[in-house]
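Using the sequences plus the hints, can you model the full thing?
1 is the number of the first residue of the sequence shown in this note's numbering; add one for each residue after it.
Because the hints were derived from the structure by calculation, they are not lab data.
Computed from a predicted structure; not experimentally measured.
Note that beta-carbon positions come from the ideal geometry of N, C-alpha and C, so glycine has one too.
Hints may be right or wrong, so weigh each one.
Each computed DSS-like pair below joins lysine-lysine, with the alpha-carbon atoms no more than 25 angstroms apart [stated by the list, open to error]: (1) Lys-157 / Lys-60; (2) Lys-77 / Lys-65; (3) Lys-112 / Lys-177.
Cβ-Cβ distance ranges computed for the label pairs, FRET-style [stated by the list, open to error]: (4) His-248 / Pro-95: 54 to 60 angstroms; (5) Thr-193 / Asp-70: 35 to 41 angstroms; (6) Gly-281 / Lys-156: 41 to 47 angstroms; (7) Asp-326 / Glu-109: 22 to 28 angstroms; (8) Gln-21 / His-62: 19 to 25 angstroms.
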Amino acid sequence: MTDDATTHEAPAIFNSKTRPQSADDEISNFGKVNYLEVTRHQHDQRLDNFLLNRLKGLPKSHIYKMIRSDEIRVNNKRCKAHDRVQREDVVRIAPVELATREKPIISTEFAKSLLARVVYEDDGLLVLNKPSGIAVHGGSGLDFGVIEAMREVTGKKYLELIHRIDKDTSGLLMISKKRSTLKVLQQHLVDKTIQKHYLCLAKGQPALNEQRINAPLLRYTLASGERRVKVDSQDPQAKESQTDIIIHDRFMINSQPVSLIEAKPLTGRTHQIRVHLAHIGHAILGDDKYNVHDKSGVHRLCLHAWRLDIPGYKTITAPLPDDMADWLPETTRLPE
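See below:
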């Protein structure tokens, strides 16, 4: 694979009967070796994401296993999941056991309910108000997520996640309808020119109305294999992380002091808002990972992706869901 966007000759590993098919076309026979030629629509995608879109229904763990065991090759060379495919690369996919590949059953009602939650759409971008409890994509034991359901209900092969939010976080999720939009908005994310604002209910009542949490975050794995994140200022592997917070209201839930907090992550680390708030003693209500002693009686993660400020677009917002808003006092004024 090349490091730039220039096209190049596919390796001479084919005869007239094994010319690669376009990666834009669906694979018709998974029981044989398939050769896919990358087109401009997949240019610069990570290999794992490229394969997930071509091998729909195959568990993510199985795809990673195929990469590790050399069942996937790019231009007849070994490859890694994070490698990026380039236009005219040829990806070799070994035969896939049909028993491991099952098309997920997505209910029509669920898929249509997602369409009703679209809050913004143009020719390149779709923004969805994702409900809590639904993963953005399949994998890790999940047959499907929002992106698979949206492809199913719209009939559009090319829908791609621009970013991700946690399964139990509700709110705004950006989905691209074409490759050019994906690249532009992902570059905005890299450049930190897209501003994300979250609303959450957190335990306790911070003394300051506004503050910046500046605490490096480190990912680690429990003995059970579950992945977690913690603040760690000593480990060189920890990543710099900052979150700005504003307190919009202070009140009580079931005799427990609670705050309505607006959080704006300045960096995009896994579980950043959840871990940062727990670090300052104000963990998010309903967070079963970082608020294990929660006594509020709230049973959902009270974190909502509320607002997006995207260069070249109008500000996009998603109203606070009822299962969070119902906990607020009548006097609470939500930010605009």
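The hints, checked one at a time:
1. Lys-157 / Lys-60: 18 angstroms, holds
2. Lys-77 / Lys-65: At roughly 16 angstroms apart (the allowed maximum being 25 angstroms), Lys-65 and Lys-77 satisfy the hint.
3. Lys-112 / Lys-177: 18 angstroms, holds
4. His-248 / Pro-95: 54 to 60 angstroms: 56 angstroms, holds
5. Thr-193 / Asp-70: 35 to 41 angstroms: Between Thr-193 and Asp-70, where Cβ atoms are some 40 angstroms apart, the hint holds.
6. Gly-281 / Lys-156: 41 to 47 angstroms: 45 angstroms, holds
7. Asp-326 / Glu-109: 22 to 28 angstroms: Holds - the Cβ-Cβ distance for Asp-326 and Glu-109, about 24 angstroms, lies within 22 to 28 angstroms.
8. Gln-21 / His-62: 19 to 25 angstroms: 22 angstroms, holds
In this structure, none of the earlier numbered hints is contradicted; all agree with it.
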